Every structure is written in C-alpha cells, then in structure tokens.
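*Asks:* Sequence:
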Amino acid sequence: DINGDLDVDGHTNLDNVSIAGVTTFSGSNVNITGELKIENTSPVIRLVDTDQNPDYWIQNHNGGFRIYDTTNAADRFTIHSDGHVDIFGNLDCLSGIDVTGNATVSGDLDVDGHTNLDNLSIAGFTTITQDLNVDGHTNLDNVSVAGVSTFSDNVIIAEQKELRLEPSGAFKLYRGAGG
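Residue numbers for the sequence shown follow the working numbering, so the first one is 1 and each next one is one higher.
Keep in mind that the hints are not guaranteed to be accurate.
[Claimed, not checked] Quick list of the computed label-pair ranges, beta carbon to beta carbon:
| hint | residue 1 | residue 2 | range |
| --- | --- | --- | --- |
| 1 | 5 | 33 | 49 to 57 angstroms |
| 2 | 33 | 96 | 37 to 45 angstroms |
| 3 | 97 | 15 | 16 to 24 angstroms |
| 4 | 155 | 123 | 25 to 33 angstroms |
| 5 | 76 | 5 | 38 to 46 angstroms |
Treat the hints as calculated values from the structure; they're not laboratory data.
All values reported here derive from a predicted model rather than from experimental measurement.
From the three backbone atoms N, C-alpha and C, an ideal C-beta is built for every residue, glycine too.
Take the sequences, apply the hints, and build the full model.
*Replies:* Structure, rendered in structure tokens:
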C-alpha cells in the first residue's frame, strides 16, 4: 500500500496495473501490444495538434463511428449504426467511384468527357448545346429547332395538319382528310 507519490527511474515491468483518475505520459510514444480498449457511454480519442488546426475526436457516438472536427464544431465523417455513411463536405475520389445499385443525386451532375448512359429518363427541362444524334424511332411531342434542319427521308404531315413557313405564315402546306 503506497499512500504517496511513486517515482520509478528505469524500466519497470508491471503485470497488472489499475489506474483510477488521470494518467499523463510525457514522452513521444506510447506503445501498446495487444488491444487498446476504451469503455464509456460515448468513448472518444482526442487528437489535438498543438501548432495547427483543426483538432479532431474519433468517437463511438450513439453506436456509430464518428470523426468530429472540434475546432469548427462539425461532423466530418460518420458511419451510423445501421451501416449508412455520411461524409460532410466534398469527397474527392481520385481513382474513380463505383456504384452498385441506384444513385440519387439531389444537385447538379456535371460530367466532363464521354458518358455512356444505357437507360436514361429525364423529367424536366433539358438543354443540349452540341449535336444530338438519335438512331431509331423517337417520339417528340413538341420540338423547337433554331438553325438548319436536314431530313434524309420523307417528312410526313399527319391528316388534318399543316406545315407553315413563318414568320407570316403566308406559305402553308395542308393535308386534308383522306388524301
């Protein structure tokens, strides 16, 4: 039983040490052989850079893994207990990204370079700033063309419809019923 300070100089091998309270290590390294186990209702490892910011916590927060920026009071990365991952801020995937399953994009999708889209459904307004080449049948309900249009086959005007050359509409081709 020791009731005062214990000062040990040199190597000391302790088989079973239980420390209640704060322990300070004043060296450059703490070496652990085996496992480091931190038990608490919200265990945390604090990473404090003494000459730069930000500083971080690595934490088991409500059953999820969390990296928290303590300097800016902001979550940076979280793996929730249900397995989904939240990344706060910009994610740079320098070697590409593979998505298996559906992808939901709630902002703009900016694609530079060639893109193959096997099955594309667009709801809303679409602007095409270069050539559009369509092979096969295409049903377009309302098309406005600015510039030259070239047809390599017949232009068919449905029955009871007309083709007008604007702006005055003075020249019209009309197909009446039955012919």
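*Asks:* Determine for every hint whether it applies to the structure shown.
*Replies:* Do the hints match the structure? See the list:
1. About 27 angstroms separates the C-beta atoms of residue 5 and residue 33, a value inconsistent with the hinted range of 49 to 57 angstroms.
2. Distance hint for residue 33 and residue 96: a CB-CB separation of about 38 angstroms, consistent with the stated range 37 to 45 angstroms.
3. Checked against the hint of 16 to 24 angstroms, the C-beta distance between residue 97 and residue 15 comes to roughly 50 angstroms, which is inconsistent with it.
4. Our hint of 25 to 33 angstroms for residue 155 and residue 123 holds, since their Cβ atoms are close to 29 angstroms apart.
5. Our hint of 38 to 46 angstroms for residue 76 and residue 5 holds, since their Cβ atoms are close to 41 angstroms apart.
In summary, the numbered hints that this structure violates are 1, 3.
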